[in-house]
Structure formats: structure tokens, C-alpha cells
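*Asks:* Chain residues, written in single-letter form:
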Amino acid sequence: MADAITKSGYTAHDEKITARSSLFYRPQAKTGLMSWLTTVDHKRIGFLYGVFALFFFLVGGVEALLIRIQLAVPNNNFLSAQQYNEMFTMHATTMIFLAIMPLSAAFFNFIMPLQIGARDVAFPRLNAFSLWVFLAGAIIVNLGWFLHDGAPNGGWFGYTPLTTRAFSPNHAIDMWVMGLQLLGVASIAASLNFITTIINMRAPGLTMMRLPVFTWMTLITAFLIVLSFPAITIALVELMMDRSFSTNFFEVSNGGMPILWTHLFWVFGHPEVYILILPGMGIISEILPTFSRKPLFGYPIVVFSGACIGFLGFGVWSHHMFTTGMGTVATAAFAMTTMAIAVPTGVKIFNWIGTIWGGHISMRTPMMFALGFIWLFMFGGFSGIMHSAAPADAQQHNSYFVVAHFHYVLIGGSLFALLAGIHYWFPLMFGRKVSEFWGKLSFWVIFIGFNTTFFPMHFLGLNGMPRRTFTYDPNMGWNNSNFIATIGAFILGVGVTIYFAVMVYTYFKGERVKNDPWDGRTLEWSLPNPVPEYNYRVIPVVHARDAFWYEKQHKEEIAAEHAKLEKAESAHGGIHMPFQSIYPFIASLGILIGGVGVATIDSNPDPKVIVGKKLTVCLIGLGIFLYGVYCWALEGNEGYHLHLDGHDSSDTKH
Amino acid sequence: MRLHKFLHNSFTNIRSLGAVASLALLSGCSWQSLLGLDGKQSTFITEGPVARTQLDLFYVTCYVTFAIFVIVASILAYATIKFKARTPAEESAIPPEEGHGNPLIEVGLIAASVFALVIIAVPTLKGIWYTYDVPVEEKANAYEITATGYQWWFKFEYLNEQVPGAGVLTTGNELVVPAGRPIHVNLRSMDVMHSFWIPKLAGKVDMIPNRGNLLWFKADKPGYFWGQCAEFCGDSHALMRFRVIALSPRDFNDWLDQQSKSYRVVASTGSGLGKAQFASLRSFKENEPGVSGDFEVSPLDAWKAKQFPEKNENPELITRGMHLFSEKTCNTCHMIRGYAGAVGVAGPELTHVGSRTTIAGGNLDNNAEQLQRWIHNPGAVKPGNKMWVNGYLLNNIKLTSEDEVALVAFLQSLK
Chain A
1 MADAITKSGY TAHDEKITAR SSLFYRPQAK TGLMSWLTTV DHKRIGFLYG
51 VFALFFFLVG GVEALLIRIQ LAVPNNNFLS AQQYNEMFTM HATTMIFLAI
101 MPLSAAFFNF IMPLQIGARD VAFPRLNAFS LWVFLAGAII VNLGWFLHDG
151 APNGGWFGYT PLTTRAFSPN HAIDMWVMGL QLLGVASIAA SLNFITTIIN
201 MRAPGLTMMR LPVFTWMTLI TAFLIVLSFP AITIALVELM MDRSFSTNFF
251 EVSNGGMPIL WTHLFWVFGH PEVYILILPG MGIISEILPT FSRKPLFGYP
301 IVVFSGACIG FLGFGVWSHH MFTTGMGTVA TAAFAMTTMA IAVPTGVKIF
351 NWIGTIWGGH ISMRTPMMFA LGFIWLFMFG GFSGIMHSAA PADAQQHNSY
401 FVVAHFHYVL IGGSLFALLA GIHYWFPLMF GRKVSEFWGK LSFWVIFIGF
451 NTTFFPMHFL GLNGMPRRTF TYDPNMGWNN SNFIATIGAF ILGVGVTIYF
501 AVMVYTYFKG ERVKNDPWDG RTLEWSLPNP VPEYNYRVIP VVHARDAFWY
551 EKQHKEEIAA EHAKLEKAES AHGGIHMPFQ SIYPFIASLG ILIGGVGVAT
601 IDSNPDPKVI VGKKLTVCLI GLGIFLYGVY CWALEGNEGY HLHLDGHDSS
651 DTKH
Chain B
1001 MRLHKFLHNS FTNIRSLGAV ASLALLSGCS WQSLLGLDGK QSTFITEGPV
1051 ARTQLDLFYV TCYVTFAIFV IVASILAYAT IKFKARTPAE ESAIPPEEGH
1101 GNPLIEVGLI AASVFALVII AVPTLKGIWY TYDVPVEEKA NAYEITATGY
1151 QWWFKFEYLN EQVPGAGVLT TGNELVVPAG RPIHVNLRSM DVMHSFWIPK
1201 LAGKVDMIPN RGNLLWFKAD KPGYFWGQCA EFCGDSHALM RFRVIALSPR
1251 DFNDWLDQQS KSYRVVASTG SGLGKAQFAS LRSFKENEPG VSGDFEVSPL
1301 DAWKAKQFPE KNENPELITR GMHLFSEKTC NTCHMIRGYA GAVGVAGPEL
1351 THVGSRTTIA GGNLDNNAEQ LQRWIHNPGA VKPGNKMWVN GYLLNNIKLT
1401 SEDEVALVAF LQSLK
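If you read the protein sequences in the order shown, they are chains A and B. Using the numbering used here, you'd call the opening residue of the first sequence number 1 and step up by one each time. Using the numbering used here, you'd call the opening residue of the second sequence number 1001 and step up by one each time.
Careful, some of the hints might be misleading.
Derived DSBU-like pairs (lysine-lysine); straight-line CA-CA distance at most 35 Å [as the list claims (entries may be wrong)]:
id, chain 1, residue 1, chain 2, residue 2
1, B, K1084, A, K440
2, B, K1306, B, K1415
3, B, K1386, A, K613
4, B, K1398, B, K1386
5, B, K1304, B, K1328
6, B, K1398, B, K1415
7, B, K1082, A, K440
8, A, K433, B, K1082
9, B, K1328, B, K1285
10, B, K1285, B, K1155
11, A, K30, A, K433
12, A, K552, B, K1082
13, A, K552, B, K1084
14, B, K1415, B, K1139
15, B, K1306, B, K1285
16, B, K1386, B, K1328
17, B, K1306, B, K1139
18, A, K552, A, K30
19, B, K1304, B, K1415
20, B, K1155, B, K1261
21, B, K1261, B, K1398
22, B, K1311, B, K1328
23, B, K1386, A, K614
24, A, K555, B, K1084
25, A, K514, B, K1082
26, B, K1415, B, K1261
27, A, K555, B, K1082
28, A, K555, A, K514
29, B, K1084, A, K514
30, A, K433, B, K1084
31, B, K1084, A, K509
32, B, K1415, B, K1386
33, A, K433, A, K509
34, B, K1139, B, K1304
35, B, K1328, B, K1155
To be clear, the hints were calculated from the coordinates, so they are not data collected in a lab.
With the sequences and hints as input, model every part of the structure.
*Replies:* Quick look at the structure:
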């Protein structure tokens, strides 16, 4: 990557930074470790998000395989009850917060600014901060694997009072609570950044109703994150107070209300589902038009249905709680809103089919994954409708039927879309293209493995097998389906291994391609690959919805316009780039150290111990954090100008 | 179960599947059993009106989604095949007309989706009200029980049955109810969240601390049903199981009479105990199933047989076990009505534990071998349970195998 981005062939000469006499050294490394720690380039940050996400994706995958080994046969003791509970807790936490969300964030970072014709996000250093805080949260959540207390084992939903100190006295849950709060900080900071970027930094002419659908979904997802994460943050802070300082939000023996947790959690938890799927829908809405060689069918409806899902997504949380005894009216209301949300979701599927209808479908790997997405997501949608019928859900809830349902929407939906996206944008990111043969092979193996694993789970659930159970008796009628599911899981594992092996191979040795290999429609394909640091030599003017497609149809007009714009821009001072900075990383490092301290601090501390060791850790973390934030504020948000034609370079204040 | 053994069984199953299928069709066997969906907790086999309402609604959702699936999937498949570019030239050509959308089609499809959902919505609303509480016209006939969840067992209290001097009649892990009467179950929890689920009788409702919930069901006819906790509740959530036994009104009244009595005393004959009588039972592998196939041939009859004293009772051994029960401090957590000092309420009440078909929260058959397995090492049967602390029974108790045999005999005598 360093190679790809830095040797990207732009002709700027070395910047000589002689900024105002400043206390603060601005790092300028373009290669090496420091260049990555100090980067504010949205593409590099996106790349790092992707690398971390894929690493955790593999970790979560291994956890899933261990779960499936344990359940392959009845009364298995491959894992102990405790280990199994850790495994499913961490599998879900990892896949949701450390794999799918950051993988979406990787695309938000890398692709969205390119699609709107921007040179970076609105707050480049905040963007770096989001990345490093995400990593800090990820480390803390996983820390338990290496400590005596073990990994978190209260479920990704962390229902109280099981997660209160009375029932989970050790620090595993503290680490989960702290890690999730940090992941929330990272997500909210990143989302505010994306919202500001999309609202303010669109190229001239790029009106909201000309935005590429992926950018639209980025915007909606960012709003969902900003509005829903506070709910879980409140819940987590309350739980942390309960655990560390003996408050009584959820402490039953003192009158706490566990039902409060379930509401707060799902007020976050359901929008979270759409946070996971909307980016995928955005990616699909880019891929289908490109490979059908047609514009998206019903663009306004696709956008509005996305927004509609976003709104309704906040009004359906209690369908996760149909069995909590909410009473008839509340249950009925949430059943109805849940059915209502099926309409905009269905509309999207109709429009995707409308998009390929009458097109010239070119069956490349990204398109295969995109079509696979539609099929599997449709299945997930149908079982979702079955859940909305609350009385029927009383049988399905917390059974394997639900496990089947949400894996169809999260693997068949989100993950297939993200895998499609990786294939689709790989040439743009790295200038190389994945072999069609290996790409398609991985698709089929993943597709078959996925269905073999999760289709039988529908029947397991309806046949009465509850989820989150580490064992089952051989006489319950669940043996065959479980065994098939385990075989499927390994096929899926092989498919994913092929997929990533091919990706790694392609990164180093894949076939090089020129820019725009798919004959793309949106602005990012107008860029050379790999994309230069400054993205656009000239900020383009957008004339139509599929901006690049329009440019390709109106070459002369656009060339003339570009020449004019370039002149204007260079008169204006050249390409403005933000300085790199180390302080977001330092602030996050402080958060990591302090977070570890808080998460492992004893609840009933021996005064000597707390003053001696653990409090010290917290204070050191706090000190580093404050130092980072202080310097970050003082170093200023300056940047420098690039002049690509090689006349001069000057340093200016922003 | 070992993997190879399982594989062997599976292959044997598959080989005989063809024969079984044709035989089953001839004999009018149900489709559920053909598809292997006739498990003990199958939601496809309903034995009461609540589960039936839920299943009927599920079928409605299946029909509607299947209809949508057929339409959408065939259009999608057709479009994919029909419009696939087959040559490089075709691939790079631009389709003639660029359809951006068609408002009529869009609105039509939205209307159709809404219509499809209304088909589901109407029975959903009806079902919500019907399944929530006992219907008004049946309220007078309803029988009320309180079920309380603990990590990891269920306590059942019969609110209408007062036992003189001991409060309401209480049992654990096996809920005996009258068939044909609506049962109103108050759901409580004393520690973490649990969920009460008897798939063949009714969908689940959660047991939440500091919150009163309720559920109702009715068993069409006498029967024996499997249930399980359906909300993750800690280490042994998977092992928090229970049974529901529905009896005819007469049997039920007999059972109530029997249960209301104090514990059954087996008088010592004063003949003393020999070494041979302490013959240790057998040892178990940690992951050996606690249930056997013999029991399942006719579970309700097996349950009925359990109501009578075991053959070969040894009064001496039982008396020894009775003394051990307080000597080893079992009585601090477990109540046995009539037994002086056995007034604990932290664990299941054991006054008539010998009459239950299962022990250890519905996990083990209630026989001598499994009972010994349970008290020998409760942590291996149900990880994390409160009877087992750091390799000892609670209160640092260690049992010799002779103690275990005697206690087992005593517990088995509690009919």
C-alpha cells in the first residue's frame, strides 16, 4: 500500500516546509511506519480500517468454526460451557463491531470522498483519531483472551443482571464495557466527519439528488450511528457505574430494572442492524448499474427508501423484545412498524431487479457477489417478515431460526456486499485486478458453504433448539442439522480462505490494469490508479447523476472545462493538502492505556493496591491523552499547497 | 458421543432413510417426522391452542412470503439469464434505452407489498391478543401457577394448594398440570433473566427480575412435554431444562393429594448394613448423555411408574441416607417437608423428588446411577452450579462413595 500510494506518479516536487516559527514539528514522512502513524490521508486511513477489519474478520471466523466444532455432535466437550459462552460473545462482538462496521468504514473513507470529488474528509486528523480509537477499543475488547479473567462471556447484547457484578464478578465484562464505549467514540467521531464531508465538500454541481447511492447510504448510516450510539453509551456507562461504583441502575437486589437495559440496548441495537446493511445496499447499488451498463432504476426511490429505512429503523427496536411481556398494544405497534419496514426494503430489491432488466449484464466477480447478495438478502428478508408476526416470533425468538435469519442478512447481505465491493474497487485502490477464475471460484465455494451452514438452522430453530446453548442431548432430533451446519461452516471457511489468499496474491502479483477497468459510472473511476494522494488534479464540475459516465459521453466539453478549472485552481494557490499529525495517535494511545486501567481496576479496592498500581495506569493514560489533545489543538489545522506543474511550492496557513 | 460413532449412526440412518420414507408414506406417517421436524421441542407439532395459533400464523407468513418469493425469484432469475451478456462485444455495448425508473411500476409494487403485509397483519393482531392472556370466557376455569427461574432450574408454586404449615405446594423442574384447563403461569426470576418455553404448548415469555410477566397455555390432552430456558442466563444456560406433565383431572387430583403429604418415611428394620450393599454404582464420562432411549417409548407411562416406590428398596440404606441428608448439610438449601431442619429454599424442594422423571434441571434420568453421578460431581453435570464450589460440595463437603449410595437410596425413596 505504501508503495501503491506514494509512487503513484504525480509530479509534485518535495515539499519544503518552513511554516511559521512553530513549536510543533509537522511530520512529513511519506513512507515507513511514521507515515502510517501520522497519516491523515483518507485513503490510507481507509486502507488501515480495511486491514484491521479483515484481521478481526478472520479472528471472528475462527471463533465461529470453534463454535461449530463444539456443536457438530451432541454432548460434545470440545469446549467447556465457559469457553463456549466466551466464543459466541466474542464472535458476535468481533463480527459486528470489529469486522463489518470497520470494513464499511474502510469504504466510507476510501471511496466516499472520491465519489464526491473531494481531496480529503472535512476533519482529516479527527479521521485518524477515529481509526486509532477504534483500534484501542478492539484491543481492550479482546484483551481478556490473554488475561486470567478470560474473554467477555455475557453475550454481545450483555443483558443485565447477568452482566452486573453480582453474576459476573471478574473483569471480563469490564473490558467489554470499556471496549464498546471506545468503539462508540470512534464510530461517532467518524460519522460526524462523514456527515460534514458529504454536506460541505461535494464538487460543484453535485447536488444531493446527484450523489452516488453509496455516498447517500454513507450519509444515512452516519446519521444512524450518531443517533443510535448514544443509547448504548448511556447503557454502558450505567453498567460501568453499577460495576465499579455500586450504583443501582440494573442491580436487582437494590431495585434496579434489567428491562431498562434491554430497551436501551435495542434502541441502539436495531439501528445497528441497518448500520451494518445500508452500506452494503449502497455498494450493490453501485455495482449493479456498472455491470448492467444501465443507470440505477428508480434512483430517487432507492434513496428515499434508504432514508425511510433509517427513520423506521428507530421505531422497531422492541421486536427484539416481543417475549419480554410488553403487553398487547406495544407488541402490536412494534409488529406493525416491523412489517412497515419491509416495504422500503422490498422496494430496493425491486429496483435492483429493474436495474438489471434490459441491461447487458457482464458476469464478473463483483456482479456475482452482488447477485448472490440479492438472493440471500431476499431470504433473510422473508424470515424477517416471519419474525414480525409477534405470536409466531414467540416460538422463533432466541431459537436457531433467528440465528439463520440474521446470518442471511449479515453474511448473505452485508458481507457479500462488502466482498463484492472489495473486488469492485480493488483496481482503483491498488491498480491490480483479481483473477476472474479465482474470484468466481471463491464466490461459489462461499455461496455453497454459507447455505449449507445456515439453511438447516431455520429447521433447527423451528424444531426447538434454543441459541447460545453449548450442548444438546442426542435425543432431541437436532443431530443431523447440526452436523450438516458444521460441514457447511468449514466449506465456508475454505471459501473465505480462497478469497483472501487470492486478494493477497493479487495485491503483490495480480494483473495490472489501467484506470476505469469496469467502464464505471461514478466519479471515482475518472481517477488514475492507484489514486494519487491529492485525488483530483482538478476538482471536477458535475453535470449529471452518473457523473463520470456523462463525462465519457461528453469528452470535448469536459476537457475544455477541465483546462479552465485547472487554470483557476492554480491561480488560487494550487492543491491544498492537510499536514500530517502524530497527535491523534498519541491521544488514542493515552485512551488505550487509561481504558485498560479503568477496565481492570478492582471494584472493592484495597487502598494500597489502587493507589499503588492501577490508579497509576489510569493517570498515565489520562496524562498521555491530555498531552495528545493539547498539542493537537495547538499545532493548528494548517496545510500546504501542491503545484503539480512544478513551478513552485509554498507553505501557507489555511 | 464420539465422532466416529455418530458418523456410523448417521450413515446407517441415511441408508435406512429410503426404506423408512416409503414405509412412512404407506402408513400415513406425518410429514414432520419424514423431514425430521418431529423433535421433542418441535414447534410443528402442537398440543394446545396457544402453540396452534402461533403455528397457524407462521404458516400464513410462509404462504405469503413463498408467493412473493416465487414471483420475485422467477423475475430475477429470468432477468439474469435473459439479459446476460454472452460475448465481449455484447458486454461493452450500451443498452439502447436507459430506463431510469417508472413511477407506475414503483407505486404498484409498493401497493402490492403493503397488501401482502396486511394479509399477515390481521392474524398477527388477533394472535397477539389471543396468546397474551387466558381468554375471558375461560378465566373462571384457569389454574394458576407461579414459575420462578433460578440459575439453572425452575421452581413451580401451586398457588391454590396450601400445605398446612408449609405454605403453597412447591415443586422443581417438572411442572404437573391438569390437561384441558387453561394454565395461567406467573413468571418470575430470582437472579438473572430467563425465558420459559414449552414449544409444543406455547411460545416463550421471559422471566425478568423485578418484573411480573405471565404466560398461558392449555394442553389438549394428557401428555409429557419438553421445555427449556430460552434466554442466555450464564454458564449452564444450555442445561436449564424442564418438563411439563399434563394429567387428566382425576390423575391430577391424585397427584396433588400425594404431593401435599410430608416426605415418605421408610422405617428401618434394624437389620444393619453389610459392605455389599454399598456396591458403588458406575462412573460416567463427563460428556455422557444423561438421558436414555428406554424412557421415551412412552414418557407419560414412565412418569406414572415413577409415582410408586422403587423395587428392591433397602430400608437400612435409606435410613442411613436420611441421616446423611442433614449431616452433609443438604438440608440448608433443600426443603423436605416433614424432615426436621430441611427447610432450605436456595435449591429445588425435594419432598417428592423420587417421583420425578428427571433430576439436575431436566438433564439426567432420575435413576440411581444418574443420581450418584449428579451428587458425585455436580460441576461436571452442570458447570457453575451453586452446589459445587472448588471441587467440593457446598460447605466443603466431600462424600465417600458409601455416602453417595446411601443418599441416592434416600432420595429415590421420596415418592
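*Asks:* So, for every hint listed, does it hold in this structure?
*Replies:* Taking the hints in turn, this is what the structure says about them:
| no. | hint | verdict |
| --- | --- | --- |
| 1 | B:K1084 to A:K440 | holds (16 Å) |
| 2 | B:K1306 to B:K1415 | holds (8 Å) |
| 3 | B:K1386 to A:K613 | holds (33 Å) |
| 4 | B:K1398 to B:K1386 | holds (15 Å) |
| 5 | B:K1304 to B:K1328 | holds (31 Å) |
| 6 | B:K1398 to B:K1415 | holds (26 Å) |
| 7 | B:K1082 to A:K440 | holds (20 Å) |
| 8 | A:K433 to B:K1082 | holds (27 Å) |
| 9 | B:K1328 to B:K1285 | holds (25 Å) |
| 10 | B:K1285 to B:K1155 | holds (29 Å) |
| 11 | A:K30 to A:K433 | holds (25 Å) |
| 12 | A:K552 to B:K1082 | holds (28 Å) |
| 13 | A:K552 to B:K1084 | holds (24 Å) |
| 14 | B:K1415 to B:K1139 | holds (33 Å) |
| 15 | B:K1306 to B:K1285 | holds (26 Å) |
| 16 | B:K1386 to B:K1328 | holds (15 Å) |
| 17 | B:K1306 to B:K1139 | holds (32 Å) |
| 18 | A:K552 to A:K30 | holds (33 Å) |
| 19 | B:K1304 to B:K1415 | holds (11 Å) |
| 20 | B:K1155 to B:K1261 | holds (18 Å) |
| 21 | B:K1261 to B:K1398 | holds (31 Å) |
| 22 | B:K1311 to B:K1328 | holds (26 Å) |
| 23 | B:K1386 to A:K614 | holds (32 Å) |
| 24 | A:K555 to B:K1084 | holds (29 Å) |
| 25 | A:K514 to B:K1082 | holds (30 Å) |
| 26 | B:K1415 to B:K1261 | holds (10 Å) |
| 27 | A:K555 to B:K1082 | holds (32 Å) |
| 28 | A:K555 to A:K514 | holds (18 Å) |
| 29 | B:K1084 to A:K514 | holds (25 Å) |
| 30 | A:K433 to B:K1084 | holds (22 Å) |
| 31 | B:K1084 to A:K509 | holds (30 Å) |
| 32 | B:K1415 to B:K1386 | holds (25 Å) |
| 33 | A:K433 to A:K509 | holds (10 Å) |
| 34 | B:K1139 to B:K1304 | holds (29 Å) |
| 35 | B:K1328 to B:K1155 | holds (23 Å) |
Checked against the numbered hints above, the structure violates none of them.
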